[in-house]
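Undergrad: My numbering runs 1 ahead of the 1-based position in the sequence shown.
Read the hints as simulated data drawn from the structure, not as lab findings.
A few of these clues could be false.
No farther apart than 30 Å at their CA atoms in a straight line, the calculated lysine-lysine pairs in the DSS-like style are these [what the hints assert, rightly or not]:
#, residue 1, residue 2
1, Lys442, Lys138
2, Lys138, Lys114
3, Lys220, Lys518
4, Lys526, Lys442
5, Lys114, Lys350
6, Lys350, Lys442
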Amino acid sequence: MNRHAGSLRTQEMVGDMWPHADAIAAAPARSGPMEAAHVGLLRATESIVAERIDHVGLEGNGRGGWSSAAFETDNSALIANVLTGLPRGAPLAQIEQAFHRAIRSGLVTPGVKMPTEAVLGSILGIAPRRAASIYAKLSNQGLLVRDGRTWHVPLAFGVPVAPPAPVAPGASEFSRVVSAALSHTVQASSLGLPLTPDDGPLDLFPLASWMRLSDRIAKMTGQSMLRAGDHGGFRPLREIVADHARRTFGINATPDRIVIAPGPQRALLLVTMALLEIGDVAWVENPGEYAHLAALAAAQARALPLPQDNEDVFAGDTKLAVVRPLDGPRGTIMQPSRWHALSRWSEEKRSWIVADYLHCELRGSRDPGHAAYLGSRTIHIGGFGGSMFPSLGCAWIVAPDAMVEPLLAMLRLWDDPVPIPTQATLAEFMSSPIYALHLEKAIAERAQRLDAFQVGYEIGGGRVEHLSPPRGSGLRIALPGVAQERRAIDACRAAGFGVQGQGSFGLSAGFAGTTAKRTEAAAEKLARLLRPFA
């Protein structure tokens with residue numbers, strides 16, 4: 002297949018510019034209530050940017066990124082969720098109501114730190130003592146708590162979790178899992194909570210370096226970056242991703258077999274809808290991944306559980322099998338014999354395998370002695386959420402030559418390509434030494450945080466031998482043997498934890514999203530919390 006690459010290359014970049022906040026202030030003034038609200042938001046954003054620059058300096062903290070301890074939460078989310086539409090000098094009652102609505106609705110998540118009284122006063126054009134009075138009123142209502150000199154939303158505050166959809170009497174346990182998965186939604190109040198499965202070490206990401214690269218590319222390329230790119234992906238990024246897939250997962254990848262998709266879930270949807278007809282049957286692992294089940298539901302396919310782990314013989318006319326070779330049910334790694342049997346089945350039945358490597362990115366180069374999950378009828382999907390950040394909105398697909406054009410045709414039909422600025426920044430970042438250093442540090446920190454979880458869980462009275470930690474590079478721990486799953490999840494959410502359910506298989510918890518110290522403390526509290534549900 003011949004896909005023309007653009008003339009733009011991201012190598013040999015010079016200069017190190019920064020988008021100064023005063024450029025925002027120089028915007029022409031407008032009149033009217035909506036324009037005043039817009040200007041207020043711009044000034045608020047300017048203030049936050051200035052606060053960050055003053056706090057950490059243009060060159061970061063010496064580790065290649067901003068310090069999460071110095072600026073633990075993203076106040077720009079607070080600006081977007083609360084202060085949009087508030088003009089400077091707004092009445093105190095109106096400001097209080099805006100905070101009240103945002104916290105009650107979950108737009109401002111538990112644990113988020115508020116700007117200081119002085120910063121809030123500067124943003125809204127009110128005196129710091131008036132900002133303090135607003136915080137005090139919200140505290141009296143239980144919406145804010147004070148910790149020393151800072152205010153934040155209490156971790157125990159959350160939006161009630163919606164009850165699961167009813168399941169017909171007599172339905173199988175797997176049907177119940179599928180029904181629960183299809184009705185599963187992540188509440189806004191659960192985003193960013195400790196112990197959320199698949200959260201990576203975002204606090205280690207070198208955000209300052211990423212922003213400098215992004216600005217450098219924008220300064221150098223100008224308006225050419227604003228045009229829509231190739232649906233298959235930016236050629237330099239495809240070259241880098243192909244090398245990454247070969248070194249990290251042992252996949253036989255070339256740039257022409259790479260498709261850059263706009264996000265992990267979009268990649269799963271794209272592949273399942275390209276491979277399945279309405280009513281086809283597909284295998285998924287049990288307990289099933291919510292993302293896998295949702296993709297099959299969108300394709301109007303029927304999900305069945307993959308034969309058990311001790312079975313290396315596959316039979317039937319199933320059209321597709323979706324598996325996670327490096328982070329299967331309860332953190333298992335698929336045995337080579339089982340993979341070979343699955344691969345033989347796909348070739349004999351002319352079926353397909355989707356190998357999902359999402360959230361397994363925190364790994365170095367593959368040991369040549371380890372198994373590589375290959376096959377002529379296998380499509381590989383991976384992303385960057387674990388090693389970088391989930392909001393990147395970018396994933397990769399490695400497909401056989403015969404499937405690349407059908408995937409691209411479907412992508413052109415119902416989706417937009419990933420923005421070229423995002424792809425170019427990602428390509429430059431992954432080819433720089435900064436990425437290698439970040440990955441090395443993140444891998445080491447992941448191991449420390451996994452150990453910290455197990456230590457804290459044992460201190461809290463939990464039985465570590467009952468845990469199912471990931472044996473590969475996954476970012477979740479299975480907690481089997483938990484009764485009354487829905488009540489247990491509600492209790493965890495009320496305590497400020499992002500733990501999720503796995504049907505009759507118990508719960509699933511993350512461990513890498515917070516520092517080792519915070520992870521250990523959260524795991525200790527979680528173990529005590531789950532005692533009544535053992």
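Undergrad: Now tell me, hint by hint, if it's right for this structure.
TA: Now the hints, each set against the structure:
1. Lys442 <-> Lys138: Judged against 30 Å, a Cα distance of about 43 Å means the pair is violated.
2. Lys138 <-> Lys114: Holds, at roughly 16 Å.
3. Lys220 <-> Lys518: Status violated; Cα separation ~41 Å.
4. Lys526 <-> Lys442: holds (27 Å)
5. Lys114 <-> Lys350: Distance of about 55 Å is beyond 30 Å: violated.
6. Lys350 <-> Lys442: violated (44 Å)
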